[in-house]
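S.K.: Now for the letters of each chain:
2 protein chains.
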Amino acid sequence: MFATSSLLRTVSRQFSTSATTMSIKAKVLVYAQHGQPESVLKCISHELPSSPQGSDVLVQTIASPVNPSDINQIQGVYPSKPDKTTAFGTSEPVAPCGNEGLFKVLAVGNKVTSLKAGDWCIPSNVNFGTWRSHALTDESSLLKISKTITEEQAATISVNPSSAYQMLTMFEDLKPGDWFIQNGGNSQVGRAAIQIGKKLGLQSISIVRNRDNLQELVDELTALGATKVITEEDNASREFGKTIAEWTKGSPIKLALNCVGGENCSNMARKLGKDATLVSYGAMSMKPVMIPTQLFIFKNLTAKGFWITANVTRVPGSKENTLKAVQKMMEDGDLVDVKVTHVPVSADGSEEEVFKAFETALTNSKQGKQLVRFT
Amino acid sequence: MFATSSLLRTVSRQFSTSATTMSIKAKVLVYAQHGQPESVLKCISHELPSSPQGSDVLVQTIASPVNPSDINQIQGVYPSKPDKTTAFGTSEPVAPCGNEGLFKVLAVGNKVTSLKAGDWCIPSNVNFGTWRSHALTDESSLLKISKTITEEQAATISVNPSSAYQMLTMFEDLKPGDWFIQNGGNSQVGRAAIQIGKKLGLQSISIVRNRDNLQELVDELTALGATKVITEEDNASREFGKTIAEWTKGSPIKLALNCVGGENCSNMARKLGKDATLVSYGAMSMKPVMIPTQLFIFKNLTAKGFWITANVTRVPGSKENTLKAVQKMMEDGDLVDVKVTHVPVSADGSEEEVFKAFETALTNSKQGKQLVRFT
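As they're listed, the protein sequences go chains X and G.
Taken in order, the first sequence gives residues 1 to 375; the numbers are from the UniProt record's numbering.
Taken in order, the second sequence gives residues 1 to 375; the numbers are from the UniProt record's numbering.
Treat the hints as calculated values from the structure; they're not laboratory data.
Hints are not guaranteed to be accurate.
Pairs count within a copy or across copies, as identical chains cannot be separated in the list.
[Stated by the list, open to error] With a Cα cut of at most 30 Å, we get these calculated DSBU-like pairs of lysine-lysine:
{"hint": "1", "residue 1": "319", "residue 2": "304"}
{"hint": "2", "residue 1": "339", "residue 2": "319"}
{"hint": "3", "residue 1": "81", "residue 2": "242"}
{"hint": "4", "residue 1": "242", "residue 2": "84"}
{"hint": "5", "residue 1": "274", "residue 2": "42"}
{"hint": "6", "residue 1": "249", "residue 2": "81"}
{"hint": "7", "residue 1": "356", "residue 2": "319"}
{"hint": "8", "residue 1": "249", "residue 2": "304"}
{"hint": "9", "residue 1": "274", "residue 2": "287"}
{"hint": "10", "residue 1": "84", "residue 2": "274"}
{"hint": "11", "residue 1": "84", "residue 2": "249"}
{"hint": "12", "residue 1": "274", "residue 2": "81"}
{"hint": "13", "residue 1": "25", "residue 2": "81"}
{"hint": "14", "residue 1": "328", "residue 2": "356"}
{"hint": "15", "residue 1": "304", "residue 2": "175"}
{"hint": "16", "residue 1": "198", "residue 2": "304"}
Assemble the whole structure, with the sequences as input and the hints as a guide.
M.R.: Here it is, written out as structure tokens:
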């Protein structure tokens, strides 16, 4: 399973400039070919120097979430892909897994200015490969995160809350008192949008699936800051449109966030006012975005898509600004909700132990967000 | 049928300032309530002074097309509606029909500067009421049209070719050599887009319905300037995507014009490149705009709507600029195609005769564009 001989070559190369340095055995989840994670993933180890040079930073992972997009990436059905490399010491090129995670700085090279030992940081870009115990990387690949937020918040700040924040702020110029509507109100992004929306002074209508304990969920989302929570059946009812009009007092709903598609999306679009924008970031129903043509023609609706990976590249500085704003909300207690299941593993554990932790997280990933925590 | 007594009052009022002026008996198609045209339309007449005062202009209609949107307006299912008025001398308020048409100036008031007797003109705004024999109106309601184009071209310049021009120029910054794709390639707007696109140096793919004499239509549209004409079956075939890629040589298709909706629209959207725009202006399939979600998310597709009535208001000067550009193309022979069926009627004819002409045009309106021509 592990290409020991080429690993040794890499280790030798890494030690060529500081032969007497202590080393760390880093474990990293990789794949050589795309496929189902259980078939193609393996955990390999490689040695890293414990005293980084120049602008290098040595980090140990605190927590790595398993996101649906990480799995899609391994399956080969996600447009953003990490480069394959032999830098981990394998004979054939492999790609590292995971795009989001929180690290603790163990040591820095003498040219590093933005980070010091003990600091927290996250990858500044996607495709970093966060499913690993340690990494040695250039300072520019990392962004410092202050310890004023929890580890769970910091480990999951880059995708869901950042997506919610950018969708609420980068498409329509919403002012306090303005309304937005979203489906998937109980998703991670939906819950983040409720909280961030409230902090921005916005009023929200969140569409959720009907269920036995509906009132419980309504109460929970309302406590998070939802103005109104409605079911898919409410959303589908023309009659119910009058109730919404009473709530909004004729104020046009300017923004819709769609992660469902199909009829749900059509019905949500009907609630929008003139010149509104419908932003799609998911397709949980597996159906396409469906929008009545007359809404485009006579209401001047705009439909756009949102992909945080592309958006932060398209808009320079947007990742940093978003992190700053979201982190502030987390510090102030405005954004409290992170529902995760912890999967603990020792950073000094064996390849098999680290592999097993991610295997467990992958197996349970449909039962809620899994967070592999290195101790 | 005709409210003679109130008509007389209007006539008296109109003549109060110039009692000795000759008058003209104007016929106008109106409706008091929305409904099917055959049930609610009537033709009324009213007297107009033959010597207009001040900034007034007296015009005689040359030609009035019957557009689908005119019919929808009468049915009450169109968002833009003319105000109802008693100015035609009726006791109950009525709305005039028709939004597009060509007029000849019969006489102008002494303050009129932009028009003189004999000039051609078209309404500067919608809801003018063009289904009539004559009109007396303020100079500002009319735009002069030079006689360098045909009557058919001038009478139908405001909607179809203007829509095609604006959709090709106001959504994406297309450069010569760039590609666009459209469905409804054989529609009036589609044929205009082919010709205008060619004049702008653009390359086009037009999707048409399959038919027995397909090659005939392909030859016809190619002669108009279409780069490629494909069927809905071609558009639906994933295999055919390769053929399109060969045509475009990897150049991304940046704009799609959609007047069909449904699966046709989904398949057309799949042909688009990154950051492209899909503009919907109709829904001939009666199905909604359907677009695979991943195109929004991973290709950053934007979907918009186009309604020329709203667009010319939203963008000041766009109507004048568009008319100028389209008229130039018509003058230069770049935009030659106007397929209309003439329905002749005398401008001095009776109410019954004028009514009958529009009745005939309405009856035949599904067999191609009808043009009521006043002689």
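S.K.: Name the hints, by number, that the structure is in violation of.
M.R.: Checked against the structure, the hints that fail are numbers 5, 7, 14, while the rest are satisfied.
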